[in-house]
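Residues in the sequence shown are numbered from 1 upward in steps of one, following this note's numbering.
Some hints could be false.
[Said to hold, decoys possible] Just the calculated beta-carbon pair ranges, DEER-fashion:
#, residue 1, residue 2, range
1, 404, 452, 31 to 37 Å
2, 271, 191, 39 to 45 Å
3, 387, 209, 39 to 45 Å
4, 209, 354, 51 to 57 Å
5, 269, 212, 22 to 28 Å
6, 145, 187, 26 to 32 Å
7, 144, 331, 24 to 30 Å
8, 271, 347, 47 to 53 Å
9, 388, 434, 35 to 41 Å
Just so you know, these hints were derived from the structure itself, not from any lab.
The C-beta atom is built at its ideal place from N, Cα and C for all residues, glycine as well.
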Amino acid sequence: MKSRLSRRSFLKLAGVTAAASTLPASRVWGVPALIQPERTITIGINTFPSASLDTHYETGSQIGGRVRSLYCEQLTNIARNGEVEPRLASDWTVDGTEWRFTLRPDVQFQDGSTLTAEDVVFSLNRVMAGREGLVVDVSDSFTPYITSVEATGDLEVTITTPTPDPLMPLRLASDSAYIIPQGYTESVDADTMSRTPITAGPYRIVETNLTDLIVMERHSEYWQGAPAASQVILRVIPETSTRLAAFQAGEIDLMVNMPLDLIEQINNTPGLRVSNALLGNWMSALFSTKVSPVDNVNFRRALSKAIDRQAIVDALWLGLSEVMTDYFVPGEFGFMPGRAGYPYDPDGARRDLEAAGYAGEPFPFTPIVGYYPNDSLIGPVLSEMWQAVGVNVTFEQLDPATYGAQLFAGNTVASIQSIGPSSDPFFFFELWASEASLFRANYYTPPAEFDELWAANLTELDQDVRYANFRRMADIFDNDVPLTPLYRSLDSYGVRADIIWEAHPSFEIDFRPGSLSFE
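Model the full assembly from the supplied sequences, consistent with the hints where possible.
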């Protein structure tokens with residue numbers, strides 16, 4: 001018997017439409033391009049998203065997520081409330097191991113071709129095929145869970161899974177499952193795809209140097225209607241002070257990573273404002289469990305207890321963030337309300353160091369800088385807190401390129417690492433459960449019980465059972481401390497006051513109709 005997987009966001013489309021109809025008159029919702037204002041938005045970002053803009057081969061970074069949301073489109077998406085919502089797929093059903101996705105009719109790609117089921121089959125098979133030489137092979141996120149993808153109608157795609165899989169709509173909302181036209185993709189070489197891929201998203205890339213500039217133009221036939229801005233320019237401005245100066249001088253319209261201590265000043269500056277979003281993403285201190293002295297669990301427990309998370313939130317985030325008390329954020333499936341979390345206990349940290357037999361060996365701490373909001377401050381603060389309980393920290397902040405090379409080579413002893421948003425605990429624990437996982441291979445191999453619980457939840461459809469299994473996996477992490485959660489990430493943008501737009505809780509820069517307009 002067929003059953004429809006029900007989630008509030010995509011079963012209440014009438015509610016979404018009704019809400020859209022109440023938007024202020026100044027907002028543009030699907031207005032034809034002929035009467036759209038010719039407005040360019042220039043965005044100052046802190047680093048280039050990746051070595052390629054080919055959506056299937058370069059993924060996994062928060063900057064990449066920001067940029068891809070401007071020019072790409074998936075079958076499904078994670079909405080602002082954290083629920084799955086339809087995008088190119090208007091509906092889906094599940095029957096055992098078969099998921100059937102119905103595509104929207106008359107969707108045009110940016111080259112003028114029309115979306116068909118064959119394009120979806122081509123796109124997903126291309127993702128699953130992977131490519132040699134990738135730092136992160138995104139095929140690992142799909143091949144274990146998909147047996148086949150077939151066009152079972154002009155606008156119907158059937159995905160067969162090896163076992164019942166409750167998470168397929170979530171998987172297809174990932175950063176690597178974007179849909180591209182088969183005809184265009186097969187007609188161009190790899191370099192062209194890396195620079196000017198064609199997708200079904202709201203903006204088309206027309207120019208890039210793959211270093212510090214991306215120029216996009218409005219996709220006038222976008223299925224939700226023509227976007228409000230006629231052109232979007234992304235400029236890489238690594239230094240926060242330089243990016244801020246460009247914003248204040250009117251050279252850019254939006255800037256990422258607005259310094260929190262300047263929020264009040266910017267909000268009091270005529271013509272400028274700040275837009276904040278508390279993210280489903282969160283920051284952690286990540287530890288290797290394979291090298292001394294951090295291979296001793298008591299040493300890792302000491303590191304966690306030495307961190308005053310509330311002081312960090314109050315001092316570095318001006319109270320705008322929240323202390324993490326779990327591996328999931330409130331409202332996310334798997335979250336445990338009322339959980340005590342990770343107490344600040346410096347005396348307990350010293351006792352744990354003694355139990356570890358710690359004798360002052362150097363502890364290398366090499367966090368990234370110039371990438372995450374406030375990362376220039378959080379690294380030194382953690383270093384000082386650990387030194388205060390007697391840890392001999394050797395501290396060095398690394399630029400994004402150096403940090404990435406060290407992390408992927410398995411040479412990081414301790415760092416800071418963003419996690420999520422996951423929408424389901426499966427995607428968090430997958431970082432250590434998958435045999436292909438960077439973290440499992442290089443930093444922490446969970447015990448057999450963890451793997452057994454993971455395997456059980458791959459096919460478990462009972463949400464109560466899934467929750468109980470995930471909570472036991474969280475208990476294992478509490479005991480082993482491969483990482484320790486710190487605080488929820490806060491995304492802060494500087495925005496010109498005449499731009500009606502708000503930061504998104506999943507990092508993406510959403511300029512789709514209804515999300516961007518001008519006064």
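Structure-based check of all given hints:
Remark: the range hint 31 to 37 Å for residue 404 to residue 452 is upheld by a beta-carbon distance near 33 Å. Roughly 41 Å separates the CB atoms of residue 271 and residue 191, a value that falls within the hinted 39 to 45 Å. Distance hint check: the CB atoms of residue 387 and residue 209 are about 43 Å apart, consistent with the given range 39 to 45 Å. Between residue 209 and residue 354, the C-beta spacing of about 55 Å keeps the proposed range 51 to 57 Å intact.
Under the hint 22 to 28 Å, the C-beta atoms of residue 269 and residue 212, about 27 Å apart, fit the expected range. At about 30 Å, the beta-carbon gap between residue 145 and residue 187 stays in the expected band of 26 to 32 Å. Between residue 144 and residue 331 the Cβ separation comes to about 28 Å, which falls inside the hinted range of 24 to 30 Å. Range check, residue 271 to residue 347: Cβ separation about 51 Å, and the 47 to 53 Å hint holds.
The hinted window of 35 to 41 Å between residue 388 and residue 434 holds, with their beta carbons roughly 37 Å apart.
Hint check: no violations occur; every hint is consistent with the structure.
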